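Protein chains in written order, with UniProt numbering: chain A, 1 to 699; chain B, 1 to 699.
Think of the hints as simulated: they come from the structure by calculation, not from any bench. These numbers were taken from a predicted model, which means no experiment stands behind them. Check before you lean on any hint, since a few could be wrong.
Because identical chains share one entry, a pair is satisfied inside a single copy or across any pair of copies.
[Claimed, not checked] Dumping the calculated DSS-like pairs for lysine-lysine here, alpha-carbon to alpha-carbon at most 27 Å:
hint, residue 1, residue 2
1, 624, 537
2, 364, 35
3, 364, 375
4, 624, 531
5, 674, 64
6, 586, 624
7, 28, 657
8, 278, 259
9, 259, 9
10, 483, 498
11, 586, 538
12, 538, 28
13, 43, 54
14, 28, 586
15, 375, 226
16, 226, 674
17, 538, 624
18, 674, 85
Next come the chains, spelled out residue by residue.
Number of protein chains: 2
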Amino acid sequence: MSPTPAWVKQLTPSGPQGHELLKQEREKSNVPVDKLSAFLFTKEVLERKRRVLKVLQSEEVFDKSQNYFAGRVDRFETALARAKKLRQLTVKHKWSQEDFRAATELISEPGPYGLHESMFLITTRDQSTPEQRERFWKPADNYEIIGCYAQTELGHGSNVRGLETTATWNSDDKTFTIHSPHLTASKWWIGSLGRTANHAVVMAQLIIDGKPYGPHPFVVQIRDLKTHEPLENIHVGDIGPKFGYNTMDNGFLLFNQVKIPHINMLARFSAVDPKTNKYVRPANPALVYGTLTWVRSTIVLQAGGVLARGVTIATRYCAVRRQFQDRDAKEGEKGETQVLNYTMVQIRLLTLLAATFALHFTGKGMMGLYEENQKKMSADAGQAADTKRGAGPEETHSGSDLLADLHATSCGLKSLASTTAAEGLEVCRRACGGHGYSNFSGIGPWYSDYLPTTTWEGDNYMLTQQVARYLLKSARSVLKGNKPTNDTTRILAHFLRKSDIGAAFDVLGRDQDLVSAFAWRTAFLTFEALKHRDEQKKAWNDLLVDFYRLSKAHSQYLVVKNFFEALEAPATHNELDPETLGLLYKLFRLYALHTLEQEASEFFSSSACTVRQITLARNNAVMKLLEEIRPHAVRLVDSWDFPDWQLDSSLGRFDGKVYEDMFYRASELNPLNKITVDPYPDSPVLFKRDERERLNSKL
Amino acid sequence: MSPTPAWVKQLTPSGPQGHELLKQEREKSNVPVDKLSAFLFTKEVLERKRRVLKVLQSEEVFDKSQNYFAGRVDRFETALARAKKLRQLTVKHKWSQEDFRAATELISEPGPYGLHESMFLITTRDQSTPEQRERFWKPADNYEIIGCYAQTELGHGSNVRGLETTATWNSDDKTFTIHSPHLTASKWWIGSLGRTANHAVVMAQLIIDGKPYGPHPFVVQIRDLKTHEPLENIHVGDIGPKFGYNTMDNGFLLFNQVKIPHINMLARFSAVDPKTNKYVRPANPALVYGTLTWVRSTIVLQAGGVLARGVTIATRYCAVRRQFQDRDAKEGEKGETQVLNYTMVQIRLLTLLAATFALHFTGKGMMGLYEENQKKMSADAGQAADTKRGAGPEETHSGSDLLADLHATSCGLKSLASTTAAEGLEVCRRACGGHGYSNFSGIGPWYSDYLPTTTWEGDNYMLTQQVARYLLKSARSVLKGNKPTNDTTRILAHFLRKSDIGAAFDVLGRDQDLVSAFAWRTAFLTFEALKHRDEQKKAWNDLLVDFYRLSKAHSQYLVVKNFFEALEAPATHNELDPETLGLLYKLFRLYALHTLEQEASEFFSSSACTVRQITLARNNAVMKLLEEIRPHAVRLVDSWDFPDWQLDSSLGRFDGKVYEDMFYRASELNPLNKITVDPYPDSPVLFKRDERERLNSKL
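Put together the whole structure using the sequences plus the hints.
If you want it as structure tokens, here you go:
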């Protein structure tokens, strides 16, 4: 391909340049970006990010230039090279867990060591006896063996109890036989397994004397430690290309009567006694499954930042992109309007900007609740906090109200937060118009990689059943007259108490009333669902849609509450100046009121609001808040502090050089431009075969 | 990679096999699939599809096995090879336009000849003088030159009037100079241009004597006809990887003072007189832009089928996939429940199934309206129906009410139909749980390729302004007392007439009332918007969100109306048996009532319904309809008649062999499994370098 000619290189975009426009945007607001960033993330986190970024940028393997162009095999090879380099850097620089996580966030793609680093290490550390920890976790921690966590099967994902892989105890030689009785028993979706891991923790149905004991964890070697070939009677490989997440080798795994020694069943909580050949039962059966609570809490914590990447890109781009003169423009206002000035764009982007902050504070609140729970559980006799995967939705819990509340909260918020982030990213991408469809926007690929979060760790629809079950249980308790013990029972009791008086929430005039209106709506829907289940005896399956709506309502209440409480906290009032704090309150109102008017019919039918209030929210309050927030939009996204290197986006560059960057990538970096085709129907495709071979050899 | 071992090959899925389950599904319904298909598409269309499919399947180049695996350069090469073969087959078999279109639908990917076949041929045929047609269209029609249509620029998409590329008339040597004055003038997104085309119709600002005359079409040779190298002073290439649509080479194009002869300005409707050097004005300036109406109408026509592919796949898969026992299951019902039996899945999929039929009938209605308009316009003196691209939203029309109604209708329906299809596809993908994320589901890649339809041919948000403008204009006319001349003015007049009496629509008891309720809501929102604009004098920009809601309401009314009228038509009652027709009426009610309860707050605030009616719709009517339609779901998607070859989906196979197919693709077809890595951090990535090279040489 011809290099970019000189006459092209001297061209610049027309009209006000992108960087001029962003400069003007930053000048018309006085939001103290650095202070706000420090408030959101702490100086320590920001400093760490900069330090780690410098190291990454100095290593060629992390260069992102070809990321969007490369095919799957190349992407995977590069990802593994990056994973190795990251490990080397971690050792060399003695990086902490936080440093390591900062690095992975900056690199912004899943890597083939991912499940080794998380689930394999965590499981071999936390579910092992001391002897097993020495045998399995220690070499894993030194990367002498590379592992993964093989639970999901072709035929079973959500219903963990239904797993088909078997682990049969052989009392004669004290071994287990791991076997895949059907095709659907094949492990599937197992991260780090497809090409990389040589070990796996395999969740398999324990069978002793023909009797099943449910899924338990077994360490199995999968591949030869030297040749990396699959061991005999094991069939393993990559499951193929996905909608995104293609830098990870998700794998399949089948066993044909593979024997493993007794020691390989991780036995901290349950075991087979080799002398008696009997199952040794754990104190709390739920601990065998562990909980997904920790994982769900981290999903909630991350959702705000995930969405904020898309909002940052779209906001900056829509401030640079100009199209059409204002219909009502006065004479002399000749230029085309910045797209971010259109209210139809603002109602999509600025409400999502508000959501990023809502999710951020909710994530912190969620993590606070989780850690409080951890402390309490550690204090409770003998029950070490369990932070492992594996729970199905049928998991039972201790009677602790705090734990039950945490569990339900994490389910509901995981569902709402990840849906909000995923769907919000697509709104951001679409708001960028035509150029949003190019991978150079950085939003599409990011969205594609994030999308499975709406399905894994509990499908977002399925999870709502657990929330509903908890709310129904709480409602029954309140109806019985039991004293409220947590926020959930408190809002239900309040609703009952006021049911003869009715509600009157000044949602447009008083922030606390806005929060209370969300609580009221949740309580109303809870008691409606309870009527359907307990009085009308409707089947569970017939109430699933009700449960989905109920869970969503409860979770939206929690987000609004968490956002409000974070702003009300004394620490917040101390750290932020009144103007910035006032702006955050506006974001809070925008999030809450926009959500309210989107869910208008439930707020109306629950009598939390009048039609008039809803109409005013929709047509007046929300529109006014958009207008007030608009001047600060660019500075607000700046406060999320994403380095350009992390975003890898032409549209979202800090300096606004959108068109120059798009053009550079297309004209200089694009491998497709290195081949010349023959366009005529009756000739072969390629004009010069050698070009293609030269390209292949570089790939 | 080790081939699939024998012990794996003999494995089958557990429990009731997929094909058994689908067989049972088909047995429990008596929907006459063949009859229904013939009713929907006509026997001629179905027969054509089978005939063309046979030809395609016999040609190796169309084999889809590697589609999901290949990287972008390979995908493009293969796509061009397929485009060439398709051209050869068209010539060899003397295929008609309909045969050709059937072939492209079966192949299911955009191809590098796409814009040559459509816009370049259409424009050179319809905007040429007879001499120009001979000079440009004839060799294009013979594929002696390959062209594209270069309108959109880096800096301008929606606002066509703002295009920056210039075409300056040189009165001395009777040429035009085509020039790109800024970087943002670069043509961008131009299909078939990136690597393939050697000509382009370039939309450029005509300048005569320093005076601008707006965008006009100019034929420009881009590449050498023999070497295919770009001509001097032209910089052209591919714009890079996109979220989808990567079998098309969308290109960029810059000019550095390139001269073209006078004859190259397509002059059927406007020209520069070479003797007088003056602009010769067309009778109707709008014809210079052409209209987008035809393109938008085809988008509406196709939307049902686009969505139906996802619904077919998800419905079949959710009938095969089983997970969890029913909580309320009686003793003896041991097996896990088909996912399609969960009401939370039904409310997502079966409502979309209803939408596919709604869109299908609306598309036909839309096309009928378009063709009626064509006839009328041909009859009108001298104005040949214009079916070309190029209009911006500022286009003006003749006074014809029919044309204005068609234009607004096409804008609103394009917006609603493509949004429904695109967002519906993602709902289908997500309803398939974990496996929906694999490309083997066939939904993700299809969605990715379809997604730009929500942005091009009029951004789906922007288009709603045109609908609103038309509705406001109609409302003003009705307020003045003018007699209604079309359906829009009729429903507005009706609303006015009844505004002192109020409405009473038996939406749950009478289908016609259900349609009327949608009309009422539209009229209410129209007069509300008119109040905001004409009485409160709100700025246009402040009303954009109102306009979006108004346009959506109007378009939803049109869909419901078209669906209903199609079912009421005598031809329908003649062709379909009462039971099948009854089922279609249920689908109509499901679509309309589900939409109603989703848009509950507007139906309530417009007083089209009571809260009670909405609650009953949501909790009773819709849930009951799901139950009644459920047994027929598989046969209903069968009636959309998608061959497995077209869908290319493991999850959506007619025979339900989901797991076998997924496994086969992963284990046998997957190139990533042909490389062996070294997993340890301090070693190079690849264990055997030659494997990678062997793989490359095959790619």
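Each hint, compared with the structure:
1. Taking the shortest alpha-carbon separations for residue 624 and residue 537, only the inter-copy value of 17 Å comes in at or below 27 Å, while the best intra-copy value is 46 Å.
2. When the C-alpha separation of residue 364 and residue 35 is checked against a cutoff of 27 Å, the pair qualifies only within one copy, where the shortest distance is 18 Å, while the shortest distance between copies is 58 Å.
3. When the C-alpha separation of residue 364 and residue 375 is checked against a cutoff of 27 Å, the pair qualifies only within one copy, where the shortest distance is 17 Å, while the shortest distance between copies is 64 Å.
4. In the homo-oligomer, the alpha carbons of residue 624 and residue 531 lie at most 27 Å apart only across protomers (19 Å), although the nearest pairing inside one protomer, at 40 Å, exceeds that limit.
5. Taking the shortest alpha-carbon separations for residue 674 and residue 64, both the intra-copy value of 19 Å and the inter-copy value of 25 Å come in at or below 27 Å.
6. Within a single copy, residue 586 and residue 624 get their C-alpha atoms as close as 10 Å, which meets the 27 Å cut-off; across copies the closest is 43 Å, which misses it.
7. Proximity of residue 28 and residue 657 under a CA criterion of 27 Å is satisfied intra-copy only: 20 Å inside one chain copy versus 61 Å between copies.
8. For the homomeric pair residue 278 and residue 259, the shortest alpha-carbon distance inside one copy (19 Å) is at most 27 Å, but the shortest distance between copies (90 Å) is not.
9. For the homomeric pair residue 259 and residue 9, the shortest alpha-carbon distance between copies (21 Å) is at most 27 Å, but the shortest distance inside one copy (66 Å) is not.
10. In this homomeric assembly, residue 483 and residue 498 come within 27 Å of each other (Cα to Cα) only inside a single copy, at 16 Å, whereas the closest approach across copies is 54 Å.
11. In this assembly of identical chains, the alpha carbons of residue 586 and residue 538 lie at most 27 Å apart only when taken from different copies (23 Å versus 42 Å within one copy).
12. In this assembly of identical chains, residue 538 and residue 28 lie within 27 Å of each other by CA distance solely across copies; the values are 25 Å between and 58 Å within a copy.
13. Taking the shortest Cα distances, residue 43 and residue 54 sit within 27 Å of each other inside one copy (17 Å), while across copies they are farther apart (66 Å).
14. With identical chains, the CA atoms of residue 28 and residue 586 are at most 27 Å apart within one copy only, with a shortest distance of 18 Å there and 56 Å across copies.
15. Taking CA atoms no more than 27 Å apart as the test, residue 375 paired with residue 226 passes in neither setting, with 44 Å inside one copy and 76 Å between copies.
16. For the homomeric pair residue 226 and residue 674, the shortest alpha-carbon distance between copies (18 Å) is at most 27 Å, but the shortest distance inside one copy (39 Å) is not.
17. Proximity of residue 538 and residue 624 under a CA criterion of 27 Å is satisfied inter-copy only: 13 Å between copies versus 44 Å inside one chain copy.
18. Taking the closest pair of Cα atoms, residue 674 and residue 85 come within 27 Å of each other only across two copies (24 Å); inside a single copy the shortest separation is 30 Å, beyond that limit.
Hint 15 from the list above is the single one not met by this structure.
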